[in-house]
Amino acid sequence: MSRIGVFVCHCGENISRTVDVERVAQAAARLPGVAYATDYKYMCSDPGQSLLKKAIAEHNLDGVVVAACSPRMHEKTFRKAAEATGLNPFVCEMANIREHCSWVHEDREEATAKAIDIVKLMAARVRRNRRLAAITVPVTKRALVIGGGIAGIQAALDIADAGHEVVLVEREPSIGGHMAQLSETFPTLDCSQCIMTPKMVDVANHPKITLHTYSEIEEVGGYIGNFQVTVRKKARSVDMAKCTGCGVCMAKCPQKKIPNAFDKDMGTRPAIYVPFPQAVPNTPVIDRENCTYFKSGKCGVCAKVCGPCAVDYTQQDELVTEQIGAIVVATGFDLYSIEPKPADSPIQGYGEFGYGTIPDVIDGMTFERLASASGPTGGKILRPSDGKEPKEVVFIQCVGSRAREKGISYCSKICCMYTAKHTMLYKHKVHDGQAYVFFMDARTPGKNYDEFWRRAIEEEEAVYIRGMVSRLYQKGDKVVVMGSDISVGIQVEIEADLVVLATAVQARKGADTLAQKLGISYDKYNFYSEAHAKLKPVECATAGIYLAGACQGPKDIPDTVSQASAAAAKVMTLFAKDQLEREPIVARVNERFCAACFACKKVCPYGAVEEKEIRDRQGNLIRVVASVNPGVCGGCGTCQATCPSKSVELDGYTDEQVMAMIEAL
Amino acid sequence: MIDLAKKIEAPATIDITAYAGATEAIRAEAAKLLTEGAVAAVIGYIPGRRNGTAIPAIVTSPEKAQELIFSPACVNNLALYLTRAKKEVKGKGRLAVVAKGCDMRALAGLMGESQLKREDVVIIGVACAGVYGSGADRDAPLAEKNIARKCRECRVHAPEGADVVAGSLPPLPEFSPVEAEELARLEAMTPAARWAFWKEHFSRCIRCMACRSLCPFCYCEQCICDRNRPQAVEATPRPAGNMAWHIVRAMHLAGRCAGCAECERACPMDIPLNLLNRKMARELKELYGHEAGLEPKEKGPLNEYREDDDQSFIK
Amino acid sequence: MHAAHKNHDFEPKIAAFVCTWCTYAGADLAGTSRMQYPPNVRVLKFPCTGRIDPVFILRAFQKGADGVLVSGCHPGDCHYMAGNFHARRRFAAFRQLLDFVGVDLNRLQFSWVSAAEGGKWVEVVTGLTERVRSMGPMREFKELELEEQWSGKVDTPELQEAYEAIS
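Protein chains in written order, with the numbering used here: chain E, 20 to 684; chain Z, 60 to 374; chain X, 36 to 202.
Hints are computed from structural coordinates only; laboratory data are not their basis. Positions of the beta carbon are idealized from the N, C-alpha and C atoms, including for glycine. A couple of the hints might just be wrong.
What the hints assert, rightly or not - In silico DSS-like links for lysine-lysine, alpha-carbon gap of 25 Å or less:
1) Z:K258 - X:K155
2) E:K631 - E:K596
3) Z:K91 - X:K48
What the hints assert, rightly or not - Short, incomplete list of chain Z residues facing chain E, as computed with Cβ under 8 Å:
4) E172
5) C213
6) E280
7) N287
8) R288
9) A291
10) T295
11) Y347
12) H349
13) E363
Construct the entire structure; sequences and hints are all you get.
The following block contains the structure:
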């Protein structure tokens with residue numbers, strides 16, 4: 020730019036009180052490339068902006084420096100004003116002589132000299148600025164939701180209700196997730212299945228939702244607005260189109276002794292099964308590991324009894340590729356396993372609590388299944404060892420959570436509330452029973468949450484003991500719980516009939532593998548990382564990918580649903596336009612000079628750098644170079660600082676611009 | 060005591076006959092590869108015109124392969140010929156290369172930087188007891204006074220990861236680690252004294268760019284120091300530009316340089332460039348446990364990070 | 036608080052390379068909070084410390100900076116997730132190199148200043164300015180800039196005459 024206009028703002032007196040603005044303007048006029056310089060009382064005011072526009076036209080300016088406040092304040096204002104005159108907005112820059120000068124210095128001489136220097140730097144920069152064009156990326160208005168728990172269901176329904184197509188992928192044979200396993204939910208104690216199953220059915224019936232159950236994400240390519248996602252539909256061995264869901268196959272299956280994982284292994288199921296009666300879709304799958312036919316080639320009963328001939332032992336995994344514009348990750352959580360952990364896990368087990376060795380030590384989810392009307396006991400609280408009704412139940416909180424020595428330092432957030440709920444459910448079912456809770460603190464922030472907890476103590480007579488349990492052991496048919504009550508400083512020993520451990524919420528096993536496929540980041544616990552803890556809580560740093568539910572961190576149902584709807588709203592915002600427009604501060608590769616060492620690719624936090632093949636007209640490979648996808652590039656410029664030959668440049672912060680500023684120091 | 064015993068056993072000079080064995084093995088392997096058509100060319104060394112010298116050669120026929128040699132005069136790092144800087148060589152097809160242990164490290168580095176695929180190259184490793192220093196007396200047997208500085212502290216005499224290894228190692232004398240000592244001497248200086256040291260050295264630089272031309276890692280299509288929009292490093296051989304060039308060079312090689320010291324050997328002004336390389340290599344090892352060239356690594360130390368990296372210098 | 040410095044006979048020039056999200060915003064906050072600090076610093080804004088090339092530091096010294104500050108987001112706060120982590124390694128290596136060629140590292144400071152740390156910005160800038168002021172001008176690079184080949188040694192009368200004729 021060779022005809023730069025410099026506009027020095029008084030900002031009322033904010034600048035002119037300590038900076039001699041007229042002198043700054045006079046000095047600016049003598050700078051190389053500056054064609055016009057003036058000062059004005061309020062540049063950001065309407066008359067100020069008119070003055071700027073008029074000067075651009077009158078003096079045929081091709082670059083603008085507004086010496087005023089911080090660009091964080093008014094850069095957009097002045098770029099817009101410049102753009103209105105037909106200038107490219109990116110040739111307009113601000114020299115910050117208020118926050119960085121007049122407000123922080125008292126001496127008029129010094130402040131004026133510094134202000135002149137600041138203007139000089141910016142003028143030198145603007146001389147090297149390039150005209151940048153906004154970048155547009157086409158958007159495929161089709162969303163992928165990964166995970167069919169309450170988070171995924173909510174997000175899918177919201178997006179689909181807005182009129183966009185949704186592909187919902189669920190790993191298990193049925194959607195529903197953990198919420199489908201719960202008995203009643205805090206703080207209102209409504210039946211989980213009663214509120215969950217209608218939503219599941221809505222998903223199945225929604226004309227805009229394509230449901231892939233018993234499926235996993237195989238591969239993810241592309242970028243915001245333009246992802247290509249390959250889904251592996253695992254062989255169900257049952258033709259979904261033919262199956263009517265009559266259930267005869269399940270009834271006739273001779274192999275019925277398989278522990279039912281949905282009921283936390285308390286009940287059993289056949290080898291051809293749906294995980295639970297309200298499953299969506301209501302199409303069984305054959306568990307090939309346990310099926311007699313698949314193990315020995317004999318049996319085949321299910322195929323024989325199936326009226327519509329839906330059972331198909333030859334079915335293979337199928338790969339489906341979907342074109343996707345935005346992705347919502349809602350893969351949920353796992354519960355901390357308290358059994359001795361495999362050697363490669365950094366997280367230690369709780370062998371001392373007897374889980375896995377003492378049958379009447381169970382986790383919270385097992386208790387949910389005991390309390391659930393659709394559970395293995397029909398909703399009766401009966402302990403696993405002998406099926407007796409427990410009269411004294413000890414609940415232990417923070418098992419795994421907030422235990423740095425065990426490898427987890429975070430709070431699992433939901434356990435205080437569900438333990439309070441468990442004591443209530445127990446009391447409602449066993450009127451003469453007594454619940455004890457060992458706890459560190461009760462964390463009950465949330466609408467009606469503390470009231471709920473108080474009710475457990477005050478009305479449902481749960482005894483809360485502040486302190487941790489040191490040891491558990493079997494004594495006859497009792498489980499002795501030894502712990503301390505630190506509020507009164509005594510040792511406590513309770514002979515319990517049943518012990519329920521509130522185990523920590525953990526990231527899904529394999530969450531890291533999925534994150535690597537998606538190119539999103541995750542923390543040391545494998546929870547997915549949001550782009551900003553406060554201001555971008557549902558966005559991933561990777562554009563076009565959003566988070567919902569406990570895959571991002573422990574969450575209860577209300578928070579999960581809120582986040583799912585928020586993620587859906589973000590997807591709808593993206594889908595509101597046909598083209599995605601973004602600030603053109605992105606990196607570009609100079610293919611001629613790229614030596615293809617791919618250092619840029621290695622450091623890019625966004626995975627925006629790809630390897631591009633350059634071919635001649637006959638299709639012969641000439642060479643491979645780096646290539647930045649402008650739709651994905653975040654604009655940090657780490658690639659450029661890393662590139663030895665500077666063959667990748669960040670628009671808006673080119674070496675030319677920076678060097679020009681350094682020369683002007 | 061044990062050390063003392065070793066010292067007594069160690070010979071004062073290197074038995075030169077070991078190199079003859081390597082020569083035979085290289086010739087045989089090269090001829091075999093060329094006859095089979097497994098490679099289009101073998102990059103190796105042939106005798107130079109003057110006695111006691113060797114030059115790099117690209118051999119394409121089994122007959123020519125009989126001219127290949129290995130001797131203490133085989134100083135060049137032939138990895139250079141596999142970089143994009145030597146496009147005409149790479150264009151020949153599948154190649155075999157003769158590589159000393161130190162050259163192997165450059166090859167590993169190039170593989171990590173996507174410049175070379177392991178399957179595209181046959182590596183004829185050679186057990187190397189050492190090579191001549193620049194300007195050394197090449198008539199005398201290889202010993203303390205005429206061996207290259209880098210060879211005195213060599214830890215990679217036997218190349219690892221090569222397809223075949225030619226020759227075997229003779230008993231090795233104990234050499235004084237002059238480079239390590241020089242590094243320690245410099246580090247003990249005040250910054251001002253170090254500045255004076257380097258200023259004197261860099262002021263002599265004539266910017267012939269031999270250091271760059273011989274470096275296997277200076278394979279950029281265009282060197283940042285040749286750019287003039289903007290000019291990051293002054294191109295003329297003035298002291299300011301020289302200082303900038305050598306700082307930029309050392310920084311660009313940090314974490315990548317495998318220590319072949321070709322830059323220093325090629326320098327007509329005897330600037331101790333490998334001291335800079337070694338300094339950076341040591342810092343990156345101390346900071347991030349990284350050693351360049353031990354194996355092809357996907358990411359160099361300056362292309363990756365750990366959240367708990369040292370930041371004691373950041374206030 | 037800084038009235039005294041007017042009496043100094045040397046005022047250093049400090050170049051500050053900062054990221055726009057944290058340190059630039061922190062410096063803005065120092066302004067809106069009307070904190071006071073010496074006027075020696077010139078701020079060059081980058082999107083991220085990850086964009087800051089060691090060459091810039093070198094160039095700044097060559098072009099007359101007596102001290103250089105590089106400042107960005109605290110670890111974990113990077114707007115671009117990892118730019119400052121990459122910068123941290125890069126500068127950890129680069130400062131060792133500068134030290135080895137004899138640059139006094141007291142002239143080169145790295146810091147993390149968040150958008151909320153206006154006070155820290157003032158502290159960092161004031162501290163560096165005062166330290167560099169007490170060290171005096173950065174002569175090394177400036178002298179190099181003025182020198183010709185062979186350290187400017189003109190040892191024959193003919194050469195001397197020729198040089199004088201040029202200048």
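Hint check results:
1. Z:K258 - X:K155: Status violated; Cα separation ~36 Å.
2. E:K631 - E:K596: Answer violated: K631 (chain E) to K596 (chain E) is near 29 Å, above 25 Å.
3. Z:K91 - X:K48: Measuring from Cα to Cα gives roughly 66 Å; hence the hint is violated.
4. E172: The hint holds - E172 (chain Z) has a Cβ within 8 Å of chain E, the shortest such distance being about 4 Å.
5. C213: violated, 27 Å
6. E280: Nearest chain E Cβ about 4 Å off; hint holds.
7. N287: For N287 (chain Z), the interface hint is violated, since the closest Cβ of chain E sits about 11 Å away, which is over 8 Å.
8. R288: holds, 6 Å
9. A291: holds, 7 Å
10. T295: violated, 17 Å
11. Y347: For Y347 (chain Z), the interface hint is violated, since the closest Cβ of chain E sits about 14 Å away, which is over 8 Å.
12. H349: violated, 14 Å
13. E363: Given a least distance of 7 Å, the restraint on E363 (chain Z) holds.
When each numbered hint is compared with the structure, violations occur for hints 1, 2, 3, 5, 7, 10, 11, 12.
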